[in-house]
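Following the hints, complete the assembly by docking chain W onto the known chain B.
Chains B and W, in that order, give the protein sequences.
Anchor point for the first sequence: position 238 equals 238 in our numbering, and the numbering is continuous, going up by one each time.
Anchor point for the second sequence: position 101 equals 101 in our numbering, and the numbering is continuous, going up by one each time.
These are calculated hints, taken from the structure and not from any lab test.
Warning: the hint list may mix true and false statements.
[As the list claims (entries may be wrong)] Reference excerpt, derived from the structure (chain B facing chain W, CB under 10 Å, subset only):
1. 45
2. 85
3. 138
4. 141
5. 144
[Unchecked claim] Label pairs and their in silico Cβ distance ranges:
6. B:117 with W:85: 40 to 46 Å
7. W:119 with B:78: 39 to 45 Å
8. W:24 with B:38: 28 to 34 Å
9. B:29 with W:93: 32 to 38 Å
10. B:332 with W:114: 54 to 60 Å
11. B:44 with W:37: 22 to 28 Å
12. B:50 with W:18: 55 to 61 Å
13. W:129 with B:142: 51 to 57 Å
14. W:62 with B:96: 38 to 44 Å
Predicted, not measured: the structure shown is a model, and the values here were computed from it.
Ideal placement from N, C-alpha and C gives every residue a C-beta, glycine not left out.
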Amino acid sequence: MTSLRRLRTNQRGGVSIAVALIMTMIVVTSFIQNVYMWSQEVSAEDRERLNEFIMVELVYFNVEDDLVVVVKNTGSVEARLVAVWVEPLAAPNATQRLTIDVVLESDHISDVILDDTQLSSYVTFTDDFILTVFTERGTSSTKTYDFTMPSPFGSSSYLGQLGVFRVSWFYSRYSSAQHPPHPTEGALTEATTILKSDDYVAFFVKLKNAWDHPVRIRGDSFFSLTSIAPPQGADEPNFYLVQDVDYSNTSIPIITPYNETASSLIIYPDETHVLIFACKGVGDNDWRWGGTKYPFGTETTTEGSGIQVTTFFEAYDFDLDEKRWFPTGQYFGQTISTQATLLLAKEVT
Amino acid sequence: MNVFRRFRSRKGLTSIMSTLILLGVTVFAMIIVIGYSQTILAHQHDQMGERLVVEKVFIEPSQISLWVRNIGHGDITVTQALVNGTFYDFWDEVIVLPSPVYNPAANATEIVIPGTFDFGVYRISLFTFRGNELGVVEVDYS
Numbered sequence: 001m002t003s004l005r006r007l008r009t010n011q012r013g014g015v016s017i018a019v020a021l022i023m024t025m026i027v028v029t030s031f032i033q034n035v036y037m038w039s040q041e042v043s044a045e046d047r048e049r050l051n052e053f054i055m056v057e058l059v060y061f062n063v064e065d066d067l068v069v070v071v072k073n074t075g076s077v078e079a080r081l082v083a084v085w086v087e088p089l090a091a092p093n094a095t096q097r098l099t100i101d102v103v104l105e106s107d108h109i110s111d112v113i114l115d116d117t118q119l120s121s122y123v124t125f126t127d128d129f130i131l132t133v134f135t136e137r138g139t140s141s142t143k144t145y146d147f148t149m150p151s152p153f154g155s156s157s158y159l160g161q162l163g164v165f166r167v168s169w170f171y172s173r174y175s176s177a178q179h180p181p182h183p184t185e186g187a188l189t190e191a192t193t194i195l196k197s198d199d200y201v202a203f204f205v206k207l208k209n210a211w212d213h214p215v216r217i218r219g220d221s222f223f224s225l226t227s228i229a230p231p232q233g234a235d236e237p238n239f240y241l242v243q244d245v246d247y248s249n250t251s252i253p254i255i256t257p258y259n260e261t262a263s264s265l266i267i268y269p270d271e272t273h274v275l276i277f278a279c280k281g282v283g284d285n286d287w288r289w290g291g292t293k294y295p296f297g298t299e300t301t302t303e304g305s306g307i308q309v310t311t312f313f314e315a316y317d318f319d320l321d322e323k324r325w326f327p328t329g330q331y332f333g334q335t336i337s338t339q340a341t342l343l344l345a346k347e348v349t
Numbered sequence: 001m002n003v004f005r006r007f008r009s010r011k012g013l014t015s016i017m018s019t020l021i022l023l024g025v026t027v028f029a030m031i032i033v034i035g036y037s038q039t040i041l042a043h044q045h046d047q048m049g050e051r052l053v054v055e056k057v058f059i060e061p062s063q064i065s066l067w068v069r070n071i072g073h074g075d076i077t078v079t080q081a082l083v084n085g086t087f088y089d090f091w092d093e094v095i096v097l098p099s100p101v102y103n104p105a106a107n108a109t110e111i112v113i114p115g116t117f118d119f120g121v122y123r124i125s126l127f128t129f130r131g132n133e134l135g136v137v138e139v140d141y142s
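Chain B extracted, bound-state conformation (with noise of 0.2 Å):
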């Protein structure tokens, strides 16, 4: 007690108090603080992986019999792709994990490509089986292939009544000679405003083939602006397709005909292709949109948009002998319209 008394007392005492309460805080208020930092980094962790999310679009076998996964990452934050389990469902006992190493950024898609010799002797292309892949956040997406599914043209429940293709409108766009740069020599980010003094004008569409079967597309496919109508007695606004356009001649761009043969244009699963239309007829290399050529010479008002693209395309299907891809011999068509593009037709003068 009496310490104590002298402690309360004297002044070198109540420092001595005053300095031990001030490192006890110290102390603990930098445990709090790093108790709760951390709580913090965990839950920034959580919510990036409540944020992640992937889809496994399509499994595929290509010429090679390696096993194709094709992965979406439809979540907020990059995604890094690390194991698949296949399990066949003719042998669950052959189940296998497969270690990937794929980062897909968010929005993106990727291919894991499985080559033939890491799989078991119950993962073929007439097999069934289950596909899982992880993520390293732990997130998961599993797709079924089913060898009898695909089989049948059109039947594919992956394609339901959407068709064979997809355009991604966003990255399509069109060139002239007014604006030469050519877009599939760069990022096609640009959707745009036809001006009234654009010439020789092709519209080059960014198709996706979403089946799970090649197609080859044929030269007779188009491009049609439809809320334009023409005048009376003038050609019908169709574009044919073209193999290429160079706007290097400034003053008349040249056309590279799209000469269609057995193996021109095959468009493989999940693979894009920037299809290019400028020209009158099929196999063509006159413009359409060029000269004295517009279609719409009579056009003084501007319009709205209605752009169409029709594709036929012959399919494709697997030999099972011979183990690759052959020519069906059946042909098909689909059409896919937007409304997106402002046009302005080309005034009289």
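The following block gives chain W in isolation, referenced to the frame of chain B:
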């Protein structure tokens, strides 16, 4: 010589010694406090950072096999499994190590729950040594 005489003074020696002793006690106390708080912090970190993902479940009549991956911070010691309300103790603790950054898929660990399992829906979860319930999954065994 006066200096030596001052050191020989009983009063002077007591003052220096008491200061040194107090300093030593303070440093020792601080070491204990900091060490203890670090231990508690590490424990807190591990407890708050325990995360486990169940990648695959295989159910057989005599056992349930779970393939799990530690996606949290620190080792996870699994001590019990809860299957449809029944606890199953692991006599040998199962330690699931976190995956290294350079190879995040490396450590998928198999945890086997022995027992008798009929067809049906199973709700399975794992309890850790630190008391967290992780890896809750529902599986239809048919």
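- Task: Using the Cβ atoms, figure out if residue 62 (chain W) sits within 38 to 44 Å of residue 96 (chain B).
- Result: 23 Å, violated
- Does the Cβ distance between residue 117 (chain B) and residue 85 (chain W) fall inside 40 to 46 Å? 45 Å, holds
- Should the hint that residue 29 (chain B) and residue 93 (chain W) are 32 to 38 Å apart at their CB atoms be regarded as holding? 36 Å, holds
- Task: Closer than 10 Å between Cβ atoms is the bar; does residue 141 (chain B) clear it against chain W? Give me holds or violated.
- Result: 13 Å, violated
- Is the shortest C-beta separation between residue 138 (chain B) and chain W less than 10 Å? 3 Å, holds
- Item | Cut-off 10 Å, beta-carbon criterion: hint that residue 85 (chain B) touches chain W | 6 Å, holds
- Message: If I claimed the Cβ atoms of residue 129 (chain W) and residue 142 (chain B) lie 51 to 57 Å apart, would that claim hold in this structure?
- Response: The hint (51 to 57 Å, Cβ to Cβ) is violated, given that residue 129 (chain W) and residue 142 (chain B) are roughly 31 Å apart.
- Item | Supplied distance hint 22 to 28 Å, evaluated on CB atoms of residue 44 (chain B) and residue 37 (chain W) | 24 Å, holds
- Item | Hint status (Cβ of residue 144 (chain B) to nearest Cβ of chain W, threshold 10 Å) | 15 Å, violated
- Message: For the hint 39 to 45 Å, verify it against the beta carbon of residue 119 (chain W) and that of residue 78 (chain B).
- Response: Because 41 Å falls inside the window, the suggested range holds.
- Given the hint of 55 to 61 Å, check if residue 50 (chain B) and residue 18 (chain W) actually sit that far apart at their C-beta atoms. The hinted range 55 to 61 Å holds for residue 50 (chain B) and residue 18 (chain W), with Cβ atoms some 59 Å apart.
- Item | Consistency of beta-carbon spacing, residue 114 (chain W) to residue 332 (chain B), with hint 54 to 60 Å | Cβ of residue 332 (chain B) to Cβ of residue 114 (chain W): about 56 Å, so the range 54 to 60 Å holds.
In the structure shown, a violation is registered for the earlier hints numbered 4, 5, 13 and 14, in ascending order.
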